[in-house]
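Trainee: From these two lone chains plus the hints, build me the complex, please.
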Amino acid sequence: MLFTQSKPIDEVIESLGKEKDIFLLACNGCAEACETGGEKGLSAMKSELEKAGKKITGTCLVDFLCNKILVTMRLSREMDKIQSADSIVVLTCGIGVQAVSTVVNKVVHPADNTVSLGGLQGLWPSDERCQACGDCALDYTGGICPVTSCAKSLLNGPCGGAQDGKCEVDPEKDCGWQLIYERLEKVGRLENFKKIRMPRDHSKMLPSEQLRKTSFYDIEV
Amino acid sequence: MKLIERFKKGKFVITCEVGPPKGIEVEKAIVELEPLRSKVDAFNVTDLQSSILRAGSLATCRLLKEKGFEPICQLTCRDRNRLGLQSDVLSAAALGIENLLCLTGDHPKLGDHPDAMPVFDLDSVQLLSVVNGLMDGKDMAGNDLEGRPPQFCLGAAVNPGADPLELQILKMEKKVEAGAEFFQTQAVYEVDKFASFCEKVKHLKVPIMAGIVFLKSPAMAKFMNANIAGIHVPDEIINELAAVPKEKRVEKSLEISARLIRELQGLCQGIHIMSLGWERHIPAVLEMAGL
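Respectively, the protein sequence lines represent chains A and B. Numbering follows our numbering, with no gaps: position 81 of the first sequence is 88. Numbering follows our numbering, with no gaps: position 146 of the second sequence is 559.
The following block holds chain B by itself, in its conformation from the complex (with noise of 0.2 Å):
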């Protein structure tokens, strides 16, 4: 099911964020996704996340559609020309996936293979477009697709908390304009950042879904605040986080996510959890956020 259908009916949708392994079992990490099954509404397959190594993210969302999982197929620009992602698209169309997030993707110096080309032949606008052409039949030369043409719901990012946020609130908007019909977030920590940034997105009229990062760790908020674009954690939860004895931490860190959901869901048409190998407490978190 398009992801954009559960928004018209004015559901709060919950997405979770699954990396596909560095092997290929991939069926094991499918495997414990069982627990979320009637919880969240779809799984954003991640693409060589942060340029690391990993099975694929189109083979990885036909497998969970077959166990009755919903996909989004997160597609970047790092690694495929403009060939290689329009053939994607449409494998993606023919395996039955009808939601993909189109990004521009990490650099590759980022990752694990920092010697690689990086690619970058369209940006993140421009592959919305791309796919919006594709669905009206025409690929990027104008020639025509063949037979019936493939049909996706196109979702996007962006960070809200960005610095300067006008420039990134224009280059959401030429995601708009480009076909984007739903937008995830980097982590959300502040909620009053993010409701100044909903205001300022109000006009867009797209859903937006607050992106949740688990904290798992004083240190690691702090790596974050350090290296990670556009996130910060506020020192008062860090401190929260940090009062309390290592064996109540994970508590106190689903307390805090728990706390953050119930603060967002006014704000924001849904939450996206990227959980970071946290999977098992996502139920007991969306419970405490009443969801």
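Just chain A, same shape as in the assembly (with noise of 0.2 Å):
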């Protein structure tokens, strides 16, 4: 099981900036467990963001966010309500938000922090997506996770060891930040490139304490 934190919701919103009408997205998988996504999950986000001013145009719940293909079949159904929305919150891992990502061409923010892989790349495991670093940067990536395609992790923008869009450490490999900068453009949203991201806070790859209580994590471990 991958286990997740829920950000802290200053965050969720601040990250929102302008956008006002949001489509809510939760996982019913590890993130119900964690009790950070699932319906209770959901409800509790959809209250927090209307006390803030935002419209909800729609809110779904989906099995396993981390399968591109079940999330491609449910989201069909939605794609109004996305359309109609400025971005989507999604209540889920790190892999899940990069599958939306993937599937929907829309600004994406994670609600949660992935702190624990529990040994689990989701059910997208083709590939590492994801390192639960805790402190999930994909709201400003367009969904493209920095930590794992960038080989050095970089925060701020592509390192000068590029080549014809690949990485200096593997040729057959793209550029991390290449694809983020694309992605950026594509969902209108290159000035997110702009922000100075700080260095990160390693501490927060720790699951809490709470977390670590939990019957779940007990099982898991």
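Quick caveat, the hints were computed from the structure, so don't treat them as lab data. Don't take every hint at face value.
Unchecked claim - List time: in silico DSS-like cross-link candidates among lysine-lysine, alpha-carbon distance up to 30 Å:
#: 1; chain 1: A; residue 1: Lys211; chain 2: A; residue 2: Lys113
#: 2; chain 1: B; residue 1: Lys551; chain 2: A; residue 2: Lys201
#: 3; chain 1: B; residue 1: Lys629; chain 2: A; residue 2: Lys211
#: 4; chain 1: A; residue 1: Lys202; chain 2: B; residue 2: Lys415
#: 5; chain 1: A; residue 1: Lys53; chain 2: A; residue 2: Lys113
#: 6; chain 1: A; residue 1: Lys201; chain 2: B; residue 2: Lys629
#: 7; chain 1: A; residue 1: Lys202; chain 2: B; residue 2: Lys480
#: 8; chain 1: A; residue 1: Lys173; chain 2: B; residue 2: Lys551
#: 9; chain 1: A; residue 1: Lys180; chain 2: B; residue 2: Lys635
#: 10; chain 1: A; residue 1: Lys193; chain 2: B; residue 2: Lys613
#: 11; chain 1: B; residue 1: Lys522; chain 2: A; residue 2: Lys173
#: 12; chain 1: A; residue 1: Lys180; chain 2: B; residue 2: Lys522
#: 13; chain 1: A; residue 1: Lys173; chain 2: B; residue 2: Lys606
#: 14; chain 1: A; residue 1: Lys201; chain 2: B; residue 2: Lys415
#: 15; chain 1: B; residue 1: Lys615; chain 2: A; residue 2: Lys173
#: 16; chain 1: B; residue 1: Lys635; chain 2: A; residue 2: Lys201
#: 17; chain 1: B; residue 1: Lys606; chain 2: A; residue 2: Lys201
#: 18; chain 1: B; residue 1: Lys618; chain 2: A; residue 2: Lys202
#: 19; chain 1: A; residue 1: Lys53; chain 2: A; residue 2: Lys173
#: 20; chain 1: B; residue 1: Lys606; chain 2: A; residue 2: Lys202
#: 21; chain 1: B; residue 1: Lys606; chain 2: A; residue 2: Lys180
#: 22; chain 1: B; residue 1: Lys629; chain 2: B; residue 2: Lys421
#: 23; chain 1: A; residue 1: Lys173; chain 2: B; residue 2: Lys415
#: 24; chain 1: A; residue 1: Lys173; chain 2: B; residue 2: Lys613
#: 25; chain 1: B; residue 1: Lys606; chain 2: A; residue 2: Lys193
#: 26; chain 1: B; residue 1: Lys629; chain 2: A; residue 2: Lys202
#: 27; chain 1: A; residue 1: Lys202; chain 2: B; residue 2: Lys478
#: 28; chain 1: A; residue 1: Lys211; chain 2: B; residue 2: Lys551
#: 29; chain 1: B; residue 1: Lys615; chain 2: A; residue 2: Lys193
#: 30; chain 1: A; residue 1: Lys201; chain 2: B; residue 2: Lys615
#: 31; chain 1: A; residue 1: Lys201; chain 2: B; residue 2: Lys613
As the list claims (entries may be wrong) - Calculated from the model, a selection of chain B residues having no Cβ within reach of chain A, i.e. all distances over 10 Å:
#: 32; residue: Pro434
#: 33; residue: Asp519
#: 34; residue: Asn556
#: 35; residue: Ala570
#: 36; residue: Pro647
Claimed, not checked - FRET-style restraints, in silico, Cβ to Cβ:
#: 37; chain 1: A; residue 1: Ser133; chain 2: B; residue 2: Lys421; range: 22 to 30 Å
#: 38; chain 1: B; residue 1: Leu508; chain 2: A; residue 2: Lys211; range: 33 to 41 Å
#: 39; chain 1: B; residue 1: Ala472; chain 2: A; residue 2: Met205; range: 30 to 38 Å
#: 40; chain 1: B; residue 1: Met414; chain 2: A; residue 2: Lys202; range: 32 to 40 Å
All values derive from a computational prediction rather than experimental measurement. From the three backbone atoms N, C-alpha and C, an ideal C-beta is built for every residue, glycine too.
Mentor: Structure follows, in structure tokens:
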């Protein structure tokens, strides 16, 4: 199981900025068990965002948001409500957020931080997409993770080493920051790139005491 | 002297690169710089360039300083976490070093210790802002420094040949916001492209030093075109070098570099020479370029 913790609500609201119409999407798998998603998380987020003056264009609960095929099928029914929103707030792990951003051409905002993978890359295991850094930055990077897609896990843009869009470490691999740049341009959020991201807080990688006390965590560990 | 003071005086600034040896005989490398004493404003000391183990930048900078040369200490994020980096920044100030060039650094996989752990706890933008914080008397955790804070002139790198260039410029803007006062560039061989880059970053109002790498052979040019990010040596230059007999190559190469420097002078505020072992040819090139 992947373990997530809710981001502080102020951080989520800050990352929404001027976006007013929001579609809410929650995972009913691991995030439900961690109480950071599921029905409960969804309704709590809905009321918080409405309190902050946001309009919720629709909500959707998907069993495993890390399963791209499932997400594509499920979201196709909600496309009108998604398209009428400025962005999507996603209550799930880092892999789930990346799966959503791959299938929907919209700005995504993670509502959770992933703190432990429990040995699982979700139901999208072809690549390492989340390192459980505990400080999810996917809202600033158009849903592509700079920690896993950049060989140096840089947070403020590419190093000088990429050539023809390929990484200096592995010429078979795309430069993560070039992908992020292209995605931000596509979703009209290039201004996100301009913000200086502060250094990571590595202490956030540790699952909280509260999380370590849950029975789910116990079962898995 | 801080490099920025030279720019403020309107001087066309010349820096060149010094790679410390893979060993301890740093003094030997410094003796070789003697002919450049009155010709070069400052010397960039590389920080394990290309991720190859060598003597350190900090110690070499201090030894340069003791011999009356002006050092620019290169600092990369590859090998030290935020504690190590901040400590080295304080040490640099304590040793009298006044210029720092803050870089991300090559990945260890490219060097002679490919099995090393890549650190990159900070990136170049963050490093610049951390040094700025130290200059205000605070460490990254917000704790006060004792006594007078360090003072540096901060530099950064930019690659005018990067594609997409817009992405490179966006990062350059962040570096300026984080405190970079001057920029050194990757090697330039296409003056037109460099001119259009300068035009695009004019709004940043920071001095730019164009990178100069001596072309030792047509093969080296072809190698760089295929393997080094953002370097493109045009065919005309490669052909020009290939057309002369081998014994005239050095002369031709220096002539090409001098011509580039002359053409670049009107576009930027200085040049940064990466001579790769051809330090002895620098005075001749500068003279041919009219500097």
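Trainee: Does each hint fit the structure? Answer for all of them.
Mentor: Structure-based check of all given hints:
{"no.": "1", "hint": "A:Lys211 <-> A:Lys113", "verdict": "27 Å, holds"}
{"no.": "2", "hint": "B:Lys551 <-> A:Lys201", "verdict": "25 Å, holds"}
{"no.": "3", "hint": "B:Lys629 <-> A:Lys211", "verdict": "50 Å, violated"}
{"no.": "4", "hint": "A:Lys202 <-> B:Lys415", "verdict": "29 Å, holds"}
{"no.": "5", "hint": "A:Lys53 <-> A:Lys113", "verdict": "19 Å, holds"}
{"no.": "6", "hint": "A:Lys201 <-> B:Lys629", "verdict": "39 Å, violated"}
{"no.": "7", "hint": "A:Lys202 <-> B:Lys480", "verdict": "42 Å, violated"}
{"no.": "8", "hint": "A:Lys173 <-> B:Lys551", "verdict": "38 Å, violated"}
{"no.": "9", "hint": "A:Lys180 <-> B:Lys635", "verdict": "23 Å, holds"}
{"no.": "10", "hint": "A:Lys193 <-> B:Lys613", "verdict": "22 Å, holds"}
{"no.": "11", "hint": "B:Lys522 <-> A:Lys173", "verdict": "15 Å, holds"}
{"no.": "12", "hint": "A:Lys180 <-> B:Lys522", "verdict": "14 Å, holds"}
{"no.": "13", "hint": "A:Lys173 <-> B:Lys606", "verdict": "22 Å, holds"}
{"no.": "14", "hint": "A:Lys201 <-> B:Lys415", "verdict": "28 Å, holds"}
{"no.": "15", "hint": "B:Lys615 <-> A:Lys173", "verdict": "29 Å, holds"}
{"no.": "16", "hint": "B:Lys635 <-> A:Lys201", "verdict": "35 Å, violated"}
{"no.": "17", "hint": "B:Lys606 <-> A:Lys201", "verdict": "24 Å, holds"}
{"no.": "18", "hint": "B:Lys618 <-> A:Lys202", "verdict": "20 Å, holds"}
{"no.": "19", "hint": "A:Lys53 <-> A:Lys173", "verdict": "41 Å, violated"}
{"no.": "20", "hint": "B:Lys606 <-> A:Lys202", "verdict": "28 Å, holds"}
{"no.": "21", "hint": "B:Lys606 <-> A:Lys180", "verdict": "27 Å, holds"}
{"no.": "22", "hint": "B:Lys629 <-> B:Lys421", "verdict": "34 Å, violated"}
{"no.": "23", "hint": "A:Lys173 <-> B:Lys415", "verdict": "37 Å, violated"}
{"no.": "24", "hint": "A:Lys173 <-> B:Lys613", "verdict": "24 Å, holds"}
{"no.": "25", "hint": "B:Lys606 <-> A:Lys193", "verdict": "26 Å, holds"}
{"no.": "26", "hint": "B:Lys629 <-> A:Lys202", "verdict": "41 Å, violated"}
{"no.": "27", "hint": "A:Lys202 <-> B:Lys478", "verdict": "37 Å, violated"}
{"no.": "28", "hint": "A:Lys211 <-> B:Lys551", "verdict": "23 Å, holds"}
{"no.": "29", "hint": "B:Lys615 <-> A:Lys193", "verdict": "27 Å, holds"}
{"no.": "30", "hint": "A:Lys201 <-> B:Lys615", "verdict": "18 Å, holds"}
{"no.": "31", "hint": "A:Lys201 <-> B:Lys613", "verdict": "16 Å, holds"}
{"no.": "32", "hint": "Pro434", "verdict": "25 Å, holds"}
{"no.": "33", "hint": "Asp519", "verdict": "7 Å, violated"}
{"no.": "34", "hint": "Asn556", "verdict": "15 Å, holds"}
{"no.": "35", "hint": "Ala570", "verdict": "6 Å, violated"}
{"no.": "36", "hint": "Pro647", "verdict": "17 Å, holds"}
{"no.": "37", "hint": "A:Ser133 <-> B:Lys421: 22 to 30 Å", "verdict": "54 Å, violated"}
{"no.": "38", "hint": "B:Leu508 <-> A:Lys211: 33 to 41 Å", "verdict": "35 Å, holds"}
{"no.": "39", "hint": "B:Ala472 <-> A:Met205: 30 to 38 Å", "verdict": "31 Å, holds"}
{"no.": "40", "hint": "B:Met414 <-> A:Lys202: 32 to 40 Å", "verdict": "35 Å, holds"}
Consistency with the previously given hints fails for numbers 3, 6, 7, 8, 16, 19, 22, 23, 26, 27, 33, 35 and 37, ordered from lowest to highest.
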